[in-house]
Each structure stands twice: as structure tokens, then as C-alpha cells.
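Peer 1: So you can see what is in the structure, the chains are spelled out below.
There are 2 protein chains.
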Amino acid sequence: MEFRLDRAREILERTPPTLRALLQDLPQDWTAPNEGEGTWSPHEVVAHLIHGERADWIPRARIILAGDESATFTPFEREVGFAEARRQPLNSLLQTFARLRSENLRTLARLELGDAQLEMAARHPRFGRVTMRQLLATWVVHDLNHLAQISRVMSKQYRNEVGPWEEFLGVLHMRITR
Amino acid sequence: MEFRLDRAREILERTPPTLRALLQDLPQDWTAPNEGEGTWSPHEVVAHLIHGERADWIPRARIILAGDESATFTPFEREVGFAEARRQPLNSLLQTFARLRSENLRTLARLELGDAQLEMAARHPRFGRVTMRQLLATWVVHDLNHLAQISRVMSKQYRNEVGPWEEFLGVLHMRITR
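Quick mapping for you: the protein sequence lines, in order, are chains A and B.
Going by the working numbering, the letters in the first sequence line up with residues 1 to 178, in that order.
Going by the working numbering, the letters in the second sequence line up with residues 1001 to 1178, in that order.
Because the hints were derived from the structure by calculation, they are not lab data.
Certain hints may be false.
Computed from the model, here is a short list of chain B residues facing chain A with C-beta under 8 Å [stated by the list, open to error]:
#, residue
1, F1003
2, Q1028
3, V1141
For every residue, glycine included, the Cβ atom is placed at its ideal position computed from N, Cα and C.
Kindly produce the complete structure, drawing on both the sequences and the hints.
Peer 2: Here it is, written out as C-alpha cells:
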């Protein structure tokens, strides 16, 4: 499927209610464990999504729109705010994420991006030239990536409880990604 | 984490609202494509979940509860009802799934399963002896498995749109599972 802004928004606006439906009021038994050292719990994934709303997608879109193709994005630190976020209840993080996403989608609408703007570009500190279209498509896939991750991390809490069915449950065999 | 019926219910009851939040009113551009021949679209995954509510979890729990350890489950055909389900709108499938899940959770409560019942067993046509505890833990992981699958299938619609970020997006590299 080719990127279209309206199709992208359909996913971006659904992620906060999806995460609320899945995680709100869920006990820490489900939301605090991770997949082992250096991996993230569902609680931490939501903290990471919040940080993305603040420091990644819209700020980078603004850098691209400024029109200097040699401008380079500020590197995105993936675990910023984790220590602080761990002290907050997950319900509160889910609310913050929903508010920030909603604000960012309003901002995105105000940018009035057309085909010309989608082809504008700036520099990623590691990848080099990237376009607005690629940035926004990545925002969408990044949401889906972390939804799949949360499902996988929670499923693994029952890895030792499913007996021989483990063989049929692909999610238990997915490699660890972040 | 050890299996507990109340912890399991927390996931089982969240799956229908989670899928509604993610998929309801979403255009077919997102919900109809699959990952290639022999794989399932998000629409078909919901059809599969409906069939599980009818033919898998509660019927097998009843076989176990009947008390004959040599009783063998009816094999579960994974794609039953797919042709019919493809003709129905996804919103209608989501509603059917929510209704059946809600009925099954009420049935599960009425079974009043205690530790003794969780250790009861019957025979899986392929695996041999399986316990009630394993069946119910599998019900939970099966939900999370298909939620991860739906996220993955949708993310792949933008595989060619994310440019160099593809490298960072683990969900695009997960192997195909069902």
C-alpha cells in the first residue's frame, strides 16, 4: 500500500484507545515484567511512546518543513524519562500519551502537508537523507511495532503455563525487538 | 508468572474492546491484505477468533470437566467459516466476537474451576495429555498471539514506505506465524 496521510492518521488515532483497552487497570503482574535484561516492560513501552510524541515525530517533521535538506535531526534517546515514568501509574501514562497524540494529530493537520511537502527531506543522524513521507510512515509502523511488542511481552508471562501448545503459539518464539 | 484464573480473565475480557479500538471502522486497505499466500488478513484473524469461541476453548474445557482423561478433543479446523466471514463486514465480526467472548466468560465463571479442576486433563489429538490449566493459559496467549499478528500484518502494508527506518522496526522482520 502506498503512503497516504489519511490512511496513516487512521492508525495513529487508534493507538491510544487500543492501548487503553488493552492495558488500563491491568495489574502490574502483566504490565511490569519484561523479557529479560535490557528489554522493556509494557509500562516502559508506553513511556517510550510518550517520549516519541514529545521529541521525535512532530519535532522532526518541523525540521524537514524548515526546508534545509542538510539539517540533521537531534538523535532520539530511546529510554529518556524511563526512571520518572516507572514512578507513575500506567493509567496516568496512558492518559498522557492519549493527550499528546491528540495534540500532535491536530498539529499535523495544521501543517497541511501535500505531495510536495511529503517529498521534502532532512538528514537522520545515522541513515542520512530521509523524507517526510518516510518519517510519517515510520510513525505508523512504530505504533504497530510496539503494540506487537506489548502483546509478545505479556504472552511470555504464560510461556511455562501453556504446556505442549507452546509449539503452536508463534508469539512465544518471536525474537526480542524494541 | 504462574497461571491464575483471575489474571487470565483480565486479558480475555480485554481482547474484544482492544480489537474494536484497533479495527472498528478501519478501511479495507488496512484490514483485507495479508502477508502472502496461505496467510491471514486482520479480517480473517477475527473470523478465526470467532470460531475459537464456538468450537475450541469452552467445548474443550467441558470435555476435560467431564472427567474422562482418555477423552480426545475434536480437532480444531483453523479456517472454518472463513468464506462466510469474508462476506461479512469486519465491524459485524467484531461485534459477534465480543458477544461470544462475553458469553464464554460468563460460562467460565459458572464452571467454578478450583485448583482440582485446573489439574484435570483430557487428550489433545496431537499432543496427548493436556490439563485445564494449560488449555486456559493457551486461550490467553492465543489472544495475544493474534493481536501481535494483526499488528504485524498491518505494519507490513507500509514496509516499502518507511525507507531506511525498516532496519529499526522489528515488527517488519518477524517471521510469519498464524
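Peer 1: Which hint numbers does the structure go against, in order from smallest to largest?
Peer 2: When the structure is compared with the hints, only number 2 turns out to be violated.
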